Amino acid sequence: MLVILLYIFTLFFLHFLIMALNKFQIAQRIAQELKDGYYVNLGIGIPTLVANYIPADINVVLQSENGLLGMGPFPIEGEESADLINAGKQTITTLPGSSIFDSAMSFGMIRSGKINLTVLGAMEVSENGDIANWKIPGKMVKGMGGAMDLVASAKNIIVAMMHTNPAGESKLLKKCTLPLTGTNCVKKIVTDLAVIEITKEGFKLLERAPGIMIEEIIAKTNASLIVDGIIPEMDL
Amino acid sequence: MLVILLYIFTLFFLHFLIMALNKFQIAQRIAQELKDGYYVNLGIGIPTLVANYIPADINVVLQSENGLLGMGPFPIEGEESADLINAGKQTITTLPGSSIFDSAMSFGMIRSGKINLTVLGAMEVSENGDIANWKIPGKMVKGMGGAMDLVASAKNIIVAMMHTNPAGESKLLKKCTLPLTGTNCVKKIVTDLAVIEITKEGFKLLERAPGIMIEEIIAKTNASLIVDGIIPEMDL
Amino acid sequence: MTKLINNATEAIADIVDGSVLMLGGFGLCGIPENCIDALVKKGVKNLTCISNNAGVDDFGIGLMLKNKQVKKMISSYVGENAEFERQLLSGELEVELIPQGTLATRCMAAGYGMPAIYTPAGVGTEVAEGKEVRNFNGKEYLLELAFEADFAIVKAWKGDKQGNLIYKDTARNFNPLMAMAAKITIAEVEELVEDGELDPNFIHTPGVYVHRIFEGVNYEKRIEQRTVTNKK
Amino acid sequence: MTKLINNATEAIADIVDGSVLMLGGFGLCGIPENCIDALVKKGVKNLTCISNNAGVDDFGIGLMLKNKQVKKMISSYVGENAEFERQLLSGELEVELIPQGTLATRCMAAGYGMPAIYTPAGVGTEVAEGKEVRNFNGKEYLLELAFEADFAIVKAWKGDKQGNLIYKDTARNFNPLMAMAAKITIAEVEELVEDGELDPNFIHTPGVYVHRIFEGVNYEKRIEQRTVTNKK
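Protein chains in written order, with our numbering: chain A, 3 to 238; chain B, 3 to 238; chain C, 4 to 235; chain D, 4 to 235.
Don't read these hints as lab results, they were simulated from the structure. This structure is a prediction, so every number in the text was calculated from the model and none was measured. Any given hint could be a false lead.
Stated by the list, open to error - Here are the computed lysine-lysine pairs in the PhoX-like style, where the Cα-Cα straight-line distance is at most 25 Å:
(1) K161(D) / K116(B)
(2) K177(A) / K142(D)
(3) K116(B) / K142(C)
(4) K144(B) / K75(C)
(5) K37(B) / K186(D)
(6) K134(D) / K134(C)
(7) K161(C) / K171(D)
(8) K137(A) / K75(D)
(9) K37(A) / K186(C)
(10) K116(A) / K164(C)
(11) K141(A) / K74(D)
(12) K74(C) / K144(B)
(13) K186(D) / K157(B)
(14) K48(C) / K144(B)
(15) K142(C) / K202(B)
(16) K186(D) / K116(B)
(17) K142(C) / K134(D)
(18) K71(C) / K141(B)
(19) K116(A) / K161(C)
(20) K144(B) / K134(C)
(21) K186(C) / K157(A)
(22) K176(A) / K142(D)
(23) K137(A) / K74(D)
(24) K142(D) / K157(A)
(25) K142(C) / K189(B)
(26) K186(D) / K142(C)
As the list claims (entries may be wrong) - If you only want the chain C side, here are some residues facing chain A, beta carbon under 7 Å, derived:
(27) M4
(28) G114
(29) Y115
(30) G116
(31) Q165
(32) N167
(33) G199
(34) P203
(35) N204
(36) P209
(37) V211
Glycine is no exception: its CB is placed at the ideal position from the N, C-alpha and C atoms.
Whole structure, please, built from the sequences with the hints as guidance.
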């Protein structure tokens, strides 16, 4: 009993020590980028969670690249259908005003820039906006799915990822080391530590996670970081 | 009264003198080229008439390039709809099993060779299968419509036309003089005088209209005509 | 943010002299009657119109021609129009004739984010002049570029507030292709329905492509060639 | 001439060793279960399969992989399959990974008689290696060729004797694209209806593209990721 209490206390204490965002908070911060009337494609992982934080006062339509506009929430137990899934192969629902189409039209609307925002995860992002998120040499490669199409065409691409990999190495680099998914395409990165914009001059720090020092962000970014004026904390 | 009788008699007499086919008979002869299961696109003019002679024992599906497979007959008076027309802008009907699609898919199925036979009219056809049917220099040009797409893609193209133009000049030539609609595409020509195949060696006479002499066909064809063995009369 | 607007006048308010328009329809079938009327009333000039046909003298795009609003027509077939012929022969009107399948596919290419397509239509003809000819598997094709248009004006049978559209019978024709292809897409519909009334499985134009939608009025839906039979 | 056949065994009778197949579906959604079972029973080998995914170990194309019938997979994503991974790492299986939109559009290109398309997907990546890169309006695109396949095997919700097909919800995915794209198209449907029962306005695949059709049996329609909510 005492051990458990001590454990809980330690977790609680750690929570204050480690002010970095968890994946839900990253999703929450990204949701602030949504605007009324946006059509949005959310990738698998953290990006999917963004759907839970869409402000109630705006209307956002989610696209699933397997052929659906107007993706609704998971179905009520017992109402799930094998014929209605999202690109992550999860059972979902439609909404009033949804539309269904084939994969060519789905990527057609992506390619022609009709999707206002794409949110996806990454293994590496470089300061010129290159992204690597599909292949690690030497490991089993599962495929790029729709990621290459999305990053090659979307007007606005936000990457949701941890600032460093499990080995503690920065995922923000001067140049990606892994095989690329797309080039010069990422516009913004939201990590557990910061919101960073990709400008012509490179990474530019926009916001810090609550309690995170600029020095830490600089230390964990393996490229130049433009820090211009006062950097506000994220408003979560 | 006597004048009228004389007139009718003259017409009757002329009928025997001029054994050439009328446009209905040309359509009738072309209908013999249809096979069970064929998807067919019929151009405006004589080709449209082919629909009236489809043998009862075969199933042929008519395509209208404005976006319909399974074109039915003209509607019963009072049931015509402005929303249901063929490529000649005539009111038509659908049939059980019809399908409607947009113009891109319509020409998609034409381009990918799914239409087994295209029948269209022509102003000139050359011995290598070139066709001219859309433009006369110096005259108002109305446009090629879907003809260039059809002749560039259809697997089997039959031209329905008079053997000579109103000035009595052959419409079958060594080389077309008018601007081309397509090249090396016509497979067969059915005229008021003959059925002619286009072979690698040029025009080859297959059949003559009832009572028409081979000499007349040769005389009215402004190119070499291969006449190989006995040339049967058309069986109408 | 709503796509729903009140009428054609509002829909075309920002169409200006020199705009490039796509207009749906085949002959007089499935044409955006309300918007054409509004364009005639507005009197914008020097328009480039991409449309399979050019209407007849007193209906469809013919009304805009009569009003001398059209600088250039890009079409596959432009018969049935005496005023058109007069303007063309007098040099007032420019015409670019394009094979019908090429016209349709250049719209689709724009909507699908493909900068160009290859088609065999027109190879060996004057349509090929100045164009890249390329051989694939022994057959020659022309490179044709995707259209770039400021506005697509389409007519649908039903639509909802999300901009989802369905078309009736062969009034579909070029409408869904043009709806995908322009910077701004205006849809006029015979019947505006609530979101959820259209089955998501049977939407012809997903709403993402449509920027403005309104329920049209007083559709004439003129028939160009009334052909009927007496047979029962 | 009828397109109607009795069952999957009949449908795939002329598929032989070395055939190039397209198989519809996204994940396990909308896959031609009956034909896959028949292919496994028939045991044809050295197949090239064009399909967005490769099934799971004990369902979908995974069954053909387990049976060592597949020489090459052409897909966009091939996770969720241990046997697949084993064969790939051991060199028994060849895999060509293609961006999903490119995969879809190369099918469409075949169905639309376009020999190739231009897409920006993969520019600057290893997908671009050996491919033509072309600049249109300041943006770079890859030239990607239309697929050539011997058979397309698709699964639809309903179909009629003319071969007209409709799909249900997101089980549509690649099915209508592949249905247009091969030399021979085989469609298995959950429900075969009489000609005239399907509204001509809402056909997803016109019958002209379909060569054989049959009503399938015993659909399992397995769900890969069952995600539900308790909220009402």
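Structure-based check of each hint:
1. K161(D) / K116(B): holds (22 Å)
2. K177(A) / K142(D): holds (21 Å)
3. K116(B) / K142(C): Within the cut-off at roughly 17 Å; holds.
4. K144(B) / K75(C): Between K144(B) and K75(C) the Cα gap is close to 15 Å, so the pair holds against 25 Å.
5. K37(B) / K186(D): holds (20 Å)
6. K134(D) / K134(C): With a Cα-Cα distance of about 22 Å, the restraint between K134(D) and K134(C) holds, given a limit of 25 Å.
7. K161(C) / K171(D): Cα-Cα ~21 Å, so holds.
8. K137(A) / K75(D): With a Cα-Cα distance of about 20 Å, the restraint between K137(A) and K75(D) holds, given a limit of 25 Å.
9. K37(A) / K186(C): Given pair K37(A), K186(C) holds - Cα atoms ~20 Å apart, limit 25 Å.
10. K116(A) / K164(C): Answer holds: K116(A) to K164(C) is near 17 Å, not above 25 Å.
11. K141(A) / K74(D): Holds, because 21 Å separates the two Cα atoms, which is no more than 25 Å.
12. K74(C) / K144(B): At roughly 17 Å apart (the allowed maximum being 25 Å), K144(B) and K74(C) satisfy the hint.
13. K186(D) / K157(B): Status holds; Cα separation ~14 Å.
14. K48(C) / K144(B): Roughly 23 Å separates the two Cα atoms, so the pair holds.
15. K142(C) / K202(B): holds (17 Å)
16. K186(D) / K116(B): With Cα atoms ~10 Å apart, K186(D) and K116(B) stay inside 25 Å; holds.
17. K142(C) / K134(D): holds (20 Å)
18. K71(C) / K141(B): Judged against 25 Å, a Cα distance of about 23 Å means the pair holds.
19. K116(A) / K161(C): Holds. K116(A) to K161(C) sits at ~22 Å (cutoff 25 Å).
20. K144(B) / K134(C): holds (22 Å)
21. K186(C) / K157(A): Roughly 14 Å separates the two Cα atoms, so the pair holds.
22. K176(A) / K142(D): OK: K176(A) and K142(D) at ~23 Å, within 25 Å.
23. K137(A) / K74(D): The given pair, whose Cα atoms are some 22 Å apart, holds under the 25 Å limit.
24. K142(D) / K157(A): holds (13 Å)
25. K142(C) / K189(B): Measuring from Cα to Cα gives roughly 17 Å; hence the hint holds.
26. K186(D) / K142(C): holds (18 Å)
27. M4: This hint holds: M4(C) lies near chain A, its Cβ roughly 4 Å from the closest one there, short of 7 Å.
28. G114: holds (6 Å)
29. Y115: holds (3 Å)
30. G116: This hint holds: G116(C) lies near chain A, its Cβ roughly 3 Å from the closest one there, short of 7 Å.
31. Q165: Cβ of Q165(C) sits 4 Å from chain A, so the hint holds.
32. N167: This hint holds: N167(C) lies near chain A, its Cβ roughly 5 Å from the closest one there, short of 7 Å.
33. G199: holds (3 Å)
34. P203: Because about 4 Å separates P203(C) from the closest Cβ in chain A, which is inside the 7 Å limit, the hint holds.
35. N204: holds (5 Å)
36. P209: Since chain A brings a Cβ to about 4 Å from P209(C), closer than 7 Å, the hint holds.
37. V211: Check passed: Cβ of V211(C) comes within 5 Å of chain A, closer than 7 Å.
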